[in-house]
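Asks: In order, the protein sequence lines correspond to chains Z and H.
Residue numbering for the first sequence follows my numbering, starting at 1 and increasing by one per position.
Residue numbering for the second sequence follows my numbering, starting at 1001 and increasing by one per position.
Because the hints were derived from the structure by calculation, they are not lab data.
Beta carbons are placed, not taken as given, at the ideal position from N, Cα and C, and that holds for glycine.
Check before you lean on any hint, since a few could be wrong.
Here are the computed distance ranges between Cβ atoms for each label pair [to be verified]:
| no. | chain 1 | residue 1 | chain 2 | residue 2 | range |
| --- | --- | --- | --- | --- | --- |
| 1 | H | Pro1699 | Z | Pro103 | 42 to 50 Å |
| 2 | H | Lys1601 | Z | Gly272 | 50 to 58 Å |
| 3 | H | Arg1612 | Z | Met106 | 29 to 37 Å |
| 4 | H | Ser1556 | Z | Met106 | 27 to 35 Å |
| 5 | Z | Lys247 | H | Glu1124 | 53 to 61 Å |
| 6 | H | Lys1730 | Z | Arg86 | 39 to 47 Å |
Anything over 12 Å on all C-beta distances counts as not near chain Z; from chain H, calculated [claimed, not checked]:
| no. | residue |
| --- | --- |
| 7 | Lys1119 |
| 8 | Asn1216 |
| 9 | Gln1513 |
| 10 | Asn1581 |
| 11 | Glu1607 |
| 12 | Pro1718 |
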Amino acid sequence: MKEKLNAIKEQAIAQIEAVSAQSAQALEKLNDIRVNYLGKKGELTALLKGMKDVAPEERPKVGQMVNDVRTEIEQVLEKATEKMKRAALAGRLSGEKIDVTLPAKMNVIGHRHPNTIALEEVERIFVGMGYEVVEGPEIEKDYYNFEALNIPADHPAKDEQDTFYITGDILLRTQTSGTQVHELEKGRLPIRMLAPGRVFRSDEVDATHSPCFHQIEGLVVDKGITFADLKGTLAEFARELFGEETKVKFRPHHFPFTEPSAEMDVTCFKCGGSGCRFCKGSGWIEILGCGMVHPHVLEMSGVDPEEYTGFAFGVGLERIALLKYEIDDMRLMYENDIRFLKQF
Amino acid sequence: MNTALSWIKAYVPGLECTAQEYCDRMTLSGTKVEGYTALDKNLEKIVVGEIKKIEKHPDADKLIVCQVDVGSQTLQIVTGAPNVKEGDKVPVVLDGGKVAGGHDGGPLPENGIRIKAGKLRGVESAGMMCSIEELGSSRDMYPDAPEEGIYILPDTAVPGEDAVALLGMRDTVFEYEITSNRVDCYSVLGIAREAAATFDKPFVPPVVEVKENGGNVADYVSVEVQDTDLCSRYCARVCTNIRIAPSPEWMQRRLAASGIRPINNLVDITNYVMEEYGQPMHAFDLDTVAGHKIVVRRAKDGDEFQTLDGQMRKLDKDILMICDAEKEIGIAGIMGGENSKITDNVKTVLFEAAVFNGPNIRKSAKRLGLRTDASGKFEKGLDPANAKAAIDRACQLIQELGCGDVVEGTVDVGKPLAPLRVLPFEPKKYNELLGTQVSEEQMLAIFEKLDIRIIRTGDGIQLEIPSFRQDLLGRADLAEEVARFYGYDKIPVSLPKSSSTTGKLSFKLRVEQKARDIAEYCGFSQGMSYSFESPKVFDKLMLSPEDKAREAIEISNPLGEDFSIMRTLPLNGMLVSLSNNYNRRNKDVRLYELENVYIPKALPLTELPDERMQFTLGFYGDGDFYTLKGVVEEFFDSIGMKEKRSYVPQSGRTFLHPGRQADILYRGQLLGYLGEVHPLVCENYSIGTRVYVAVIDMPEVLPFATFDRKYEGIAKYPAVTRDISMIVSKDVLAGDIETVIATRGGKLLESCSLFDVYEGSQIKEGCRSMAYSVSFRAMDKTLEEADVAGAMKKIVNGLEQLGAQIRDK
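The whole structure should be built from the sequences, with the hints applied where relevant.
Replies: Have a look at this one:
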């Protein structure tokens, strides 16, 4: 019996090894071997069936021996199968080698206009500081564009040469500053507002001018707002927009609706302030106008300047986009050539 | 405004700084310096030379050989200049020196021109004698320079001394950008006052004392101002025994540096005082003033007048004129008349220093197309107190420069000067506004430097504002003065400490952001186009004459017809952009825009129009109608519009293909349209391929949009899917079939999708074969055949009612 078992074992193992040595398609043959030896009609099963001829006291022992052999064959079979599967996989993988330097299959994804990219950047910064983004009308009443901003009837800024008029009283807004007035009139204080939008001025089209362009207006009104707050806020903005190293400089200036007023320069982001062609050698680039809201402007819109103060600023969106992306001709912004748009 | 630094220094004696330092500090204190030019730029090793001897060049007819004494030695210099003679003193650039430009007066090279000793036609030449152009200037600024040839220096020049200094070129000209509120700084004295305050040096304005030579001005002239609304003050003085001659060198140099061409002593004095005091002046030949009477009054419509430049000008009733007893002799504040202009034979001069209404001058100058130095100053609104000071200064200069004698007295007509404004001193408020802690003493010191008088009374301190500071009206203005001279750079940096607010985008902006995202995911890039366009676009788009879209808002003063109306449709911008791309041979271009159209409520406008945001998509190249429909559908899905959108076939939009256009509806509401652009419209835009556009009217979409989402669970039980295949007339739309399925599918209906459409030879003429896959699902059990049989039967019945012939029923 023992010999018989051993003979079966060795025969089985020899067959397995022989099959393993063959090609990878031999997996089926291994299965045949499993069936031949371990299956219901297999040799080992047949041997177990012959147990009735074994003496009863020998039976556990023989049973044990049969099981041992079965386990051993199973293990060898398992190993061989595993090895063969791996070999088969390796064979498939090596046949599937590709040229990874062939061109990519691109998804066609559109591009945002550089103005919008710059705007969203600015919005992100100010929304993070608690500003609400709002809009005002592009076709506007004279009152909101001028008068309520302390620009009286005879002010040169109102000259027809700058402003497109529709009627004597209705015009295309020349600045987003009118949204300040709309917000103030709502009477909901405190205000932290950012108002981007399209504005119009009667400038002929050239590399640096467009009769249609965009501004972003900012307004903060609350108790105890100071010029120092204005400086701090805009310095933070400049660092966020142009980089941590950016320094700012405030120069006195004049706007009818702010007092004191200033223009803000930032260190040239091309040369870092040492002076280059980009900044015309000065190391600084003018970026925006700002100031403390004129008390008369607050008053006209029903806010008590004795109780509240505020600051306002206005940024030219195209100016930011042209500078940041080094676009040298403003006309490109309105031609919509896909080769231009794709670069952003 | 351009001014030589030497002129400023004349009134700020202690001022010492480099040009860059001056530029930076003035800019930081509020007098913005735009740039500066050193007059001696690229002028090196240029000395006075005296021509001792002139000989002919042996080999060239047009050249001469000069022996020139340059102080330390005598040099041989060859020149072709026709104007020199022995004994002339001339500027000589020595070997290795530099001049600023060529003798032709063309643009100056950035680094000048280096001069070296050499030979001219075989004769040694050790340097070069200079023309005014080579010194970087022109005959306009040095009227005594010859038209061609070497600049001849005054006889008093000493050989070997610095010729550049002698010519007044050791100076720097600064260009200022003066803000409109600082009328006082459109003058040398105004800027000097700022410079003194900035550098903390004393300000020493000229002391004006007029030595009068008797007589009485009233015997010479009378003045009547009829239109006092346009002329608040008119000062007149008279000078006799006028002797016209060139003005002194220093005056010529200062005027030239300011960009004003020196003419003669009389003209130069009026210009000089205008620059110095910021008060334009005019000089009339009194002998041409009929009746020796000045009348200031409005012109009449249709009047014509010849200005002193010889031009005829058309006048109107809003233009203020200076007249004599009989006729008009000058346009007030803008330009004098040909009939009263100063000639070299003038004997008696009438000086005018007046204050005219700024806005009126600005508008008049604009209507006349005649903007002069004088009108540029008047239009800013001048200090009425300044006129008398300026006219006195002019008379002082007449007398001091030996130009004539001054008649005693001034005719001064006008309203009495307003009392000076007095404001309270509020140091705490200034500091509160600025966020600073500037001491009271510092503030008062700043005010004093600015000629603001400090009045101390028992109640406290008050500030008397000088008349030339018409911009200082209240607390904020005074705080700015403190800030400017304390230093904007020294003001601390903080963030608003007060109450917090929520940062956010409005709902409208969020929906627009979503539209951009979806368009871009689908391959569309964002374009931008002008809000105004030509009225011709309506014909280009083939709109019918009655089309409502033709009712556009017109700009009353447009930049030409092409930019004259506010767009009512977004299509022209889109088609122009696509056309730009098409004609630049860009392939497969997909663009979108998110911009307003402007719909008037009534024309002409009586109230603000409706500004409607339009989400416009357009493309040519790869794709078709359904590509665009897909983008539109993605957008509606992305903003939470869960119900089915219907696409209703249309043919009414003339700019679209009559068989390929649809209205987009949601819950019965029109949201926009899409379609293929009509081939003739494409032709009008020079696009030689099919173009598809979609326009979504965002205000109609907003009420349906939402960013609220609710988890609806994931189905646990499998769906049961049934296919329906049919042959149906082409007149039956897919949308009709889907409506039948949707309305008859019952509660268990999950979805239906078209998976095959076929038309061709095997199918009956006028019909097509369509196959839908209909899917049913229950949330609480696995469906059995019996559960869907009823619904399927209803669907099939419905389809048969549409005329469909169901296959394999």
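Asks: Could you tell me which of the hints above the structure violates, numbers in ascending order?
Replies: 4, 6, 9, 10, 11
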